[in-house]
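Q: Each chain, written out:
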Amino acid sequence: MLETFLFFLFAVVAVVGALGMLIARNPVSSALCMIMTLFAIACLYVTLDAAFIGVIQVLIYAGAIMVLFLFVIMLLNLESVPRLEQLDWRKVAAFVLGIAVLAELLAVISLRLDVLPEAVASSEAAEAASATNIGIALLTEHAFSLEMIGVLLLAATIGAVMLAKKRFV
Amino acid sequence: MNALASIPHLVSLVIFLPAAGALVALLLPSDNGVKWTALVTMVVTFLLSLGLYAGFDPAVSTAEAPQLMAKVNWFPGVDVSYFVGVDGLNLLLVMLTTLLGPIVILSSWTYIGKQIKGYYTLMLLLQTGVLGVFLSFDLVLFYVFFEITLIPMYFIIGIWGGENRVYAAIKFVLYTLVGSLLMLVGVLWLGFAAGDAINGGVFTADWYQLVSFGVPLGAQGWLFFLFLLAFAIKVPLFPFHTWLPDAHVQAPTGGSVVLAGVLLKMGTYGLIRFTIPFFPNAAHQFAPLLAVLAVVGIIYGALVAFAQEDAKKLIAYSSVSHLGFVVLGLFAFTTEAVQGAMFQMVNHGISTGALFLLIGMLYERRHTRNMADFGGIAKTVPVFTFFMMLTVFASAGLPGLNGFVGEFLILIGSWKSSAFSVVFVILATTGVILSAVYLLWMVYRTFFGEITHEENRTIKDLNFREIGLMVPLAALMVWLGLGPAPFLDKSEAVVQAILNTAEAKARAVEAAAGQPDAIVQVPLRWPDTVAVTE
Amino acid sequence: MHLALNWYLSLSAILFVIGVLGVLLRRNAIVIFLSIELMLNAANLALVAFSQTFGDVNGQILVFFVMSVAAAEAAVGLAIIIALFRNRETVNVSEINLFRG
Amino acid sequence: METSVLLIIVLPLALAAFNGLMGLFVPAYRKNEWIIGGLGTAAVAIPFVLAVKLFLGFHGEPEVVTYFTWMAAGDLQIEFAYRIDQLSLVMTLIVTGVGALIHLYSIGYMHGDAGYWRFFAFMNLFIFAMLNLVLAENLLVLFLGWEGVGLCSYLLIGFWYTDLKNSAAANKAFIVNRIGDFAFLLALFVIFAVVTEKIDGSFGFDFTTLLAPETLNLFGAGTLLGVVLLFFVGATGKSAQIPLFVWLPDAMAGPTPVSALIHAATMVTSGLYLLARLSPMVLMAPAAMTVIAVVGALTAIMAATIAITQHDIKRVLAYSTVSQLGYMFLAVGVGAYFVAIFHVMTHAFFKACLFLGSGSVIHAMHHVEHELEHKGVLGSNGEPNDDPLKRVELPYEGDFDAQDMRTMGGLRKYMPWTAGTFLVATLAIAGIPPLAGFFSKDEILFKAFELGYNGEMWAYFVWIVGVVTAVLTAIYMTRAYLLTFEGNPRWPDAMDTKPHESPWTMTAPLVVLAALAVVGGFVGLPAVLGGSKIHHFLVHDGRGPVAEPLHELHVSPSIEWGLLFLGLAIASGGVLFAWFVIRWGARGPEADASVKRFFGPLYGTFSRKYSVDQFYQKVIVNPVVNGARLVFAPFDENAVDGAVNGVAKMVQGMALRLRGIQTGVVQHYALAFVLGVAVVLALMLFA
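Residue numbers (the working numbering), protein chains in the order written: chain Z, 572 to 740; chain R, 42 to 575; chain D, 8 to 108; chain Y, 3 to 689.
Take the hints with a grain of salt, since some may be wrong.
Calculated lysine to aspartate or glutamate pairs in the EDC-like style (CA-CA distance at most 20 Å, straight line) [what the hints assert, rightly or not]:
| # | chain 1 | residue 1 | chain 2 | residue 2 |
| --- | --- | --- | --- | --- |
| 1 | Z | Lys736 | D | Glu96 |
| 2 | R | Lys420 | R | Glu491 |
| 3 | R | Lys420 | R | Glu405 |
| 4 | R | Lys501 | R | Glu350 |
| 5 | R | Lys158 | R | Asp72 |
| 6 | R | Lys420 | Y | Asp115 |
| 7 | R | Lys354 | Y | Glu639 |
| 8 | Y | Lys415 | Y | Glu503 |
| 9 | R | Lys420 | R | Glu496 |
| 10 | Y | Lys167 | Y | Asp314 |
| 11 | R | Lys354 | Y | Asp643 |
| 12 | Y | Lys415 | Y | Asp495 |
| 13 | R | Lys420 | Y | Asp165 |
| 14 | Y | Lys55 | Y | Glu4 |
| 15 | Y | Lys651 | Y | Glu639 |
| 16 | Y | Lys611 | Y | Asp314 |
| 17 | R | Lys354 | R | Glu405 |
| 18 | Y | Lys167 | R | Glu491 |
| 19 | Y | Lys535 | Y | Glu562 |
| 20 | Y | Lys167 | Y | Asp615 |
| 21 | Z | Lys736 | D | Glu80 |
Partner residues aside, some chain R positions facing chain Y, computed with beta carbon under 7 Å [stated by the list, open to error]:
| # | residue |
| --- | --- |
| 22 | Thr283 |
| 23 | Lys457 |
| 24 | Thr470 |
Hints were generated in silico from the structure; no laboratory data involved. For every residue, glycine included, the Cβ atom is placed at its ideal position computed from N, Cα and C.
Produce the complete structure using the sequences and hints provided.
A: In structure tokens:
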């Protein structure tokens, strides 16, 4: 019973945060709303017995990425958008399309989940998702992808530096 | 010559030697080195092809394969293989190709100035492509080589051509490509249909299988048009011919000779090798249409040729006219007419090739092909005039020279044939008069009368290289004119085999038209003069 | 029987669509970027939900990788935005049409 | 036998090739005229000797010599085979005999010409082609010779190619011949289709099978008529009859020996030879024979009327040839094939003599022209000098023309041998007995009358036309002789620039030919005077190559004698009329005025050559030329080519519009993505 309550709490927080991010005129406030959503999602991970992922989420997303965003927003000191943009046909089309996709997704979820195999008892799931198992899996099965991720991050940092630097004269 | 015939894998050697030569030429630094490599490769290929000629014996044949054959599976899981060999149909055309090889190289010796290495390597690749087309017995392999020949030709016209060569090159490639893509659809459709019916569900492109497979009437019409369009553009048949004059006018001499001498024959060869034996019912049904196009091509080509100012364009339209004869012969379905058509393909290669060589030599000296700039040059260049007159009369079909034999056989065969009415043959025979008209008109304007332009007084006559070029062609014109019999009976047996099989298959398909799932298979039926070994 | 899973997936779908709308509707590059991050998170949420229901750790490992990729992407994306801002004085996506064909 | 036939055929070809290639590639060789001339003449003389040997050794049985297969495809099997029988022997003797004399003659005539080697090469090539035509065993080898002579006449008419007029005439000759060959080819196709349909096994147009009765019976009456008429159209092309005669007068642009050999003695008679060779077939199509006879007669009278109005000596002879050929076709039409061949022989003698005589005259007049140019009386290329002092009146406008009879006259005093032989030949062609012309022409008229007498009424019409033409022939030939050799000289400064006789190499052949013209007649005496040896030789009462109508026509001897005297009267009447009444000799060209008065307006049509040339130009040549230039070429450029380029432009247009979609704004692309997602989901849900 507790879990459903927690789930709905965080779900509402996440959605409100996301909408806030969407509506906010000032980029800083939208970034903050985003952070709120991220926290909500982290908590949800915990309710899903994925504590490690929850921590990682908070650590990387909320901590590193959002800080980066805020930093960039400050750097560019973007002014807030004066008024709500006027609605042209493309905006309306996009909105309608979004709602249509949402409806389709929900329909798929409600109708088609019977194809999935049986669920596993929750206790076993919690034990399987512990940090140690993740660590073992990471370094055995997915060792190669781990290295690749390392290379990817290296490339990203170099790229970022090169792009953002002023041109050498 | 017979010793040459015993070389293993001779056919593959003949096909890929030019390509090997191209590779070697690429690595050589000096232009002269490239030129000599190209020449030596071409000459050696010609000698090897003599081995082919000696190795092929028309009196004997295996039921399901050509002579000197090589067959290696190409795509696993599908019945598509590198399947090459020699039968009567392609032998003469291969000899023509290998003969024109060295001549083309020699003719471009001083003509090509820039990027010499590129030119000669492309020529060698083109040679491989064309030899591949003629020697392949697998529909997919044929298609691949058919496409390969396009690329070198595009560059040859595009880079070393005349003023708006790019337009001509693009037009040439796109026009032929459209045709060949349609053919690809045909190849796939036919391959699968035949595969399901007679090859246990496995896609097949083997020529002998496809000849024996009786395509149901419904599909036959469409397939016939798919193949026909590709080859009609290549021939070129009447409405699809407009790329030829542009391509010829802009192409360098060597390019023109190869284009007229050999590339056009791939179209007509395709008609007799693939279109007619595969779809006999449709061929018979549409023969009158083809006859109309051919006859229009003959007369229309001749009239338009007559009105041209540029000598090369005149000869290009004359090719349209001459090949109209060949198509008429092919669709008459009588042995004489098809034999005549096969022989006329070789003749046209020789005489039109020679005409382009001569025009090229004139262009090298005066840098203009416009007939109005000449006049009365017979006095200054007698040797040139001799070769030009011989070639003009050969291509006008004078008896005793090679043009007449082909034309006569085509016309006499078409008259006898029941495929289309006699009126077409009468109209086609007027082509004999028209060809004399425009060719003599060209000679009259270029060679006779007083010398009007001062530059014509100082034109140098042919040097030894150029005479060396023309002597073999001139000798062939007389030899093929007076003694064609040994060459004709090389292709006699296979032509009769194709016609008999097409006839039998047509009847069988008509008979089986009732039941929807009836499978018609009529293996290749050789005439009784040929000893068929399993 | 997958009651819990359905809920989580529904939430993830809602968040995802909000991200999409963000990308489509907003003109400011930063906000678009945030929406993309949001879409990624929505995906992660679905992944974790599946991993939890079927007791398969790979789901979470995948989430782990997704996060690192997102991080790399954020870095590069922001660098681009900065470079863009420097020579175009604006981050409004609608004024930038370098992609014109 | 094989070797001699091989030699006859190959020798001219070999020497033609030798002279030609040596002259072409070794310029030094071109100067020694004696070697070239000698070889050239030998190339014809030796075959003549061989032919005589064959002729003497021949006793009735035709022999066929086969060398190798020419073409073999399906049912067609054509051999290079030659046939020795009476007809081919007679023709070979004519061709090589007259040919040798003309070659000897042209050694002198062509002296000093730059293309000397080329001339003899082409002449020998012509002899090779003509021998092929005459000795062929099958129609294909005959066709090889047929187009070969057409080629050589093209080469020789356009021999002096520096003057565009000559090569235009050469083109015209070749193309008109080609039109004739077109009909010939169609005939071959019909024969092949009919024969191979009925009998299986191969067929090669060889005369033994083709002319065998059982093969001929395969043809229906209609097809046979068609085939014979097609062959006849081919023959009119080659032998210059209506409607395809227009090329022969222009062919006079070639050197005179060419006109003598090709356009008088040999090539133009090939049409006759063809019909004589196919006589068994022609006999089975009586309707065709009537057509042939009528066309022959009309051509004869038309050409004769034109000849009277001509001033150029060679054109007079050219139209005379067309007229005499008309006679021969008339003979064929009335079934007298052997008489046609007899007339071919006699005509070859006197017409060659006339042409060579005119050649000798022209040769002399050229020398006069050069002398006058040295004296400054004439400008450099013969135009009258416009310097008032030396103003000289030419009876015609333009340059001094060595061939125009109006500036000749009284040459008998300076060129006795040429004048004498010319006179003999003129009398022979006019038909004065006992010369050859009388017997052959009279025999033709007799046969025509005989046929008419036995019921074929149209034969009478043809006979009357023949008689009128005979009179006209006598008139225009005597006119030609008188204008050239009699009266007082009319060329400028006639007093002290004297032409002189041609060298012996030219006059010797003239004498020989004149002698033949005299003797030739006795070979074919009419029945009443002792029977025709040539009839016995050629027809060999049914077994010979030349067929004869089966019905035995006979006319009482008295009528025959009557006709003989009529012939004599016609000929002598014509000559005397021209000699004394019109007196061309004394009054020279002014005498033409009285002829003009006699014919009235007709004279105009005659001198304008019935404006046949202009008619062809307007009706056939111009439409084709303008059609090609104004209709077809532009049609090809814009319509057909336009269609292709149109497709290209259309594709380009579409591409431009499509490009609009790539606006460059990222969000539009994002929108596209989402649209894609939506569609996929929808498919998942509902498909």
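Q: So, for every hint listed, does it hold in this structure?
A: Checked hints:
1. Z:Lys736 / D:Glu96: Given that 20 Å is the threshold and the Cα spacing comes to 16 Å, the pair holds.
2. R:Lys420 / R:Glu491: Holds. Lys420 of chain R to Glu491 of chain R sits at ~9 Å (cutoff 20 Å).
3. R:Lys420 / R:Glu405: holds, 19 Å
4. R:Lys501 / R:Glu350: It is violated: about 23 Å lies between the C-alpha atoms, which goes past 20 Å.
5. R:Lys158 / R:Asp72: holds, 6 Å
6. R:Lys420 / Y:Asp115: holds, 14 Å
7. R:Lys354 / Y:Glu639: Measuring from Cα to Cα gives roughly 12 Å; hence the hint holds.
8. Y:Lys415 / Y:Glu503: holds, 10 Å
9. R:Lys420 / R:Glu496: holds, 13 Å
10. Y:Lys167 / Y:Asp314: Satisfied, since the Cα-Cα distance of roughly 16 Å is no more than 20 Å.
11. R:Lys354 / Y:Asp643: Within the cut-off at roughly 14 Å; holds.
12. Y:Lys415 / Y:Asp495: With a Cα-Cα distance of about 17 Å, the restraint between Lys415 of chain Y and Asp495 of chain Y holds, given a limit of 20 Å.
13. R:Lys420 / Y:Asp165: Given that 20 Å is the threshold and the Cα spacing comes to 12 Å, the pair holds.
14. Y:Lys55 / Y:Glu4: holds, 13 Å
15. Y:Lys651 / Y:Glu639: holds, 16 Å
16. Y:Lys611 / Y:Asp314: holds, 14 Å
17. R:Lys354 / R:Glu405: The given pair, whose Cα atoms are some 17 Å apart, holds under the 20 Å limit.
18. Y:Lys167 / R:Glu491: Given pair Lys167 of chain Y, Glu491 of chain R holds - Cα atoms ~11 Å apart, limit 20 Å.
19. Y:Lys535 / Y:Glu562: With Cα atoms ~18 Å apart, Lys535 of chain Y and Glu562 of chain Y stay inside 20 Å; holds.
20. Y:Lys167 / Y:Asp615: holds, 15 Å
21. Z:Lys736 / D:Glu80: holds, 17 Å
22. Thr283: This hint holds: Thr283 of chain R lies near chain Y, its Cβ roughly 4 Å from the closest one there, short of 7 Å.
23. Lys457: Because about 5 Å separates Lys457 of chain R from the closest Cβ in chain Y, which is inside the 7 Å limit, the hint holds.
24. Thr470: Constraint on Thr470 of chain R satisfied, holds at 6 Å.
In terms of the numbered hints stated before, the structure departs from hint 4 and from no other.
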